[in-house]
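Q: For reference, the chains in residue letters:
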Amino acid sequence: MTQPLSLAAIVAVCVATLAIGSYGLRISRATSDFYVAGRQVTPWRNASAISGEYLSAASFLGVAGLVYSRGIDMLWFPIGYTMGYLVLLVLIAAPLRRSGAYTLADFAELRLESRRIRGLCSALVVGIGWFYLIPQLQGAGIALRQVTGWPTWVGGTVVSVVVALAVSAGGMRSITLVQAMQYWVKVTAISLPAFILLAVWRADPAAPSLDPATLWVSAGTGPGSGLYATYSTLLALCLGTMGLPHVLVRFYTNPDGRDARRTTVVVLGLLGMFYLFPPVYAALGRAYASRLPEGARTDGIVLLAPHLLLDGTSANLLSALLAGGAFAAFLSTASGLAMSVAGILDQDVARRLLPRFAGEDLPDRLGIRLATVVGLAVPLVVTWLLAPVGLASTVGLAFAVAASTFAPLLALGVWWPRLTTAGATAGLIVGSVTASLAAGATLLGFTSDDSWLALLLAQPAAWSAPLAFVVTIAVSLLTPGAIPPHTRATMARLHTPESLLT
Amino acid sequence: MAEELTEQTRLGDVYVAGLMRAQLRLSASVLLVAALLLGAVPLALAIWPELRLLRVGPIPVLWLVLGLAVYPAAVIGARYYTRASENLEATFVDVIDKT
Numbered sequence: 001m002t003q004p005l006s007l008a009a010i011v012a013v014c015v016a017t018l019a020i021g022s023y024g025l026r027i028s029r030a031t032s033d034f035y036v037a038g039r040q041v042t043p044w045r046n047a048s049a050i051s052g053e054y055l056s057a058a059s060f061l062g063v064a065g066l067v068y069s070r071g072i073d074m075l076w077f078p079i080g081y082t083m084g085y086l087v088l089l090v091l092i093a094a095p096l097r098r099s100g101a102y103t104l105a106d107f108a109e110l111r112l113e114s115r116r117i118r119g120l121c122s123a124l125v126v127g128i129g130w131f132y133l134i135p136q137l138q139g140a141g142i143a144l145r146q147v148t149g150w151p152t153w154v155g156g157t158v159v160s161v162v163v164a165l166a167v168s169a170g171g172m173r174s175i176t177l178v179q180a181m182q183y184w185v186k187v188t189a190i191s192l193p194a195f196i197l198l199a200v201w202r203a204d205p206a207a208p209s210l211d212p213a214t215l216w217v218s219a220g221t222g223p224g225s226g227l228y229a230t231y232s233t234l235l236a237l238c239l240g241t242m243g244l245p246h247v248l249v250r251f252y253t254n255p256d257g258r259d260a261r262r263t264t265v266v267v268l269g270l271l272g273m274f275y276l277f278p279p280v281y282a283a284l285g286r287a288y289a290s291r292l293p294e295g296a297r298t299d300g301i302v303l304l305a306p307h308l309l310l311d312g313t314s315a316n317l318l319s320a321l322l323a324g325g326a327f328a329a330f331l332s333t334a335s336g337l338a339m340s341v342a343g344i345l346d347q348d349v350a351r352r353l354l355p356r357f358a359g360e361d362l363p364d365r366l367g368i369r370l371a372t373v374v375g376l377a378v379p380l381v382v383t384w385l386l387a388p389v390g391l392a393s394t395v396g397l398a399f400a401v402a403a404s405t406f407a408p409l410l411a412l413g414v415w416w417p418r419l420t421t422a423g424a425t426a427g428l429i430v431g432s433v434t435a436s437l438a439a440g441a442t443l444l445g446f447t448s449d450d451s452w453l454a455l456l457l458a459q460p461a462a463w464s465a466p467l468a469f470v471v472t473i474a475v476s477l478l479t480p481g482a483i484p485p486h487t488r489a490t491m492a493r494l495h496t497p498e499s500l501l502t
Numbered sequence: 001m002a003e004e005l006t007e008q009t010r011l012g013d014v015y016v017a018g019l020m021r022a023q024l025r026l027s028a029s030v031l032l033v034a035a036l037l038l039g040a041v042p043l044a045l046a047i048w049p050e051l052r053l054l055r056v057g058p059i060p061v062l063w064l065v066l067g068l069a070v071y072p073a074a075v076i077g078a079r080y081y082t083r084a085s086e087n088l089e090a091t092f093v094d095v096i097d098k099t
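Here the protein sequences line up with chains A and B, keeping their order. Okay, so the first sequence: first residue is 1 according to the numbering used here, each after it adds one. Okay, so the second sequence: first residue is 1 according to the numbering used here, each after it adds one.
Careful, some of the hints might be misleading.
[Unchecked claim] Chain B regions said to be covered by chain A (calculated; three or more residues, Cβ under 8 angstroms): (1) 20–27; (2) 31–39; (3) 61–73; (4) 79–87; (5) 91–97.
Note that these hints are calculated values from the structure, not bench results. Cβ atoms here follow ideal geometry from the backbone N, Cα and C, with glycine treated the same way.
Extracted from the complex, chain A is given alone in its bound form (with noise of 0.2 angstroms):
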């Protein structure tokens, strides 16, 4: 069952990780170097590093697992993914960098002055964090059984660990460097079997149709393809790309507002690019095997494709080159979120323990590593406990959180200036509740029917996403003595363009 060309890839992907991310430690001195990248990154880089970050487990993976098991509809999945950056892009780019803020949590203290809405966005983001850290690691069990036949529970274990070593060593300049590589080591990743398999079907004689019609005859039914379904996955990926916390980081190290909407163009570009393939991988599985290997996982097609159409050495390059891809991905992805949950629990948490425990004296890099480690740890151990659902549908829990909290916080942040503390922390909480019980009753399998409270739950942004703006505004609009005192001025720094403030 094991693989060795595939095993050997995964190896040389972490290796490769750990090596540019000790590489990274020499040139990163400064703690703001550590976190940003001393704000030094050019489009195209930051580009291909916001890409790399952000096609995750759920990309490479997920997308063609889902169009295997229910056909075409699934493809709003990946149009979701790649249009939450044009919301991003007209709504929030160029004012949020202007801000200066490079934390969600920074952005809602410097637009609210208030100590307190920090605290919770904290909080929140560590919470969206984990949630989206789990299926990077269940992808990861996946991709090692498929390739070794290893228990599950090692591929996340691994993927842990690297992801905690190279965090801890290099920061973010090391990382922006790694995610710019990873974006091409994935593209490439994806693209090239992708056309070799398609060489391959086209050359055989008794080669089976690639028809739509065919391959899926139970198209256009199931729980997943329902109007209500696809407007709200459409709405929460939309709304949710802003608010997951490994994104906003990035968008801090262009140099300026016109910069950060020049790289979100460019982003477009990449993951438009990369989506093109994993629906290729879904068509040739459903062509070649309408039902997968006894203990093959939908999630795996990708990587079970080249066994499907080749045999021998052939079939375990290939599979070894998309082996080694999706390991790219979810370590990226990781170490983005692992980045973010542990620069939080540095600042908020251990800085403010440490000392009182161990006394101010304390190595440099001490609380960092630490909360590095706290951060992996807490998703890894869920992932052992709980049975994973798919990791498409997982990612889009994650997006349905983040769209009804930060969505609404940080566009009437940047365009409404009636926005008060008391109305963003209601429509927090409130965003924050319905749509986190949503996702843990469907996580924990609390609604498998296919009753419409099931389908609202496994689908929550619909309604959760438009509750917390109204609630955000109604209170805002009740509490009008609670506007920030200085929203004016702030307001004008987010949407003055730079050159005339230098």
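Given the coordinates of chain A, work out where chain B should sit on it, guided by the hints.
A: Then chain B, alone, in the frame of chain A:
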């Protein structure tokens, strides 16, 4: 003049409010067009399921639209927005510099 923008003078407020309104109008119209174009597809499929069978040669149109065409369309929309938004800012800078 630049200081008036950040230091909350009446005049600065008026200018910034004007820029913000123009930018918000632009953003809202891009979002609206995108939402209408994208949102129409699932609705059309629900009303006319036979659209799924529409093809250009051997390839179903739906695959071409959802798997291919949306991505360049998104890039074109994003480029249009970025240019329009930079133009609004350039006009704003001109006005401020003349004042």
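Q: Give me the numbers of the hints this structure contradicts, sorted from smallest to largest.
A: none
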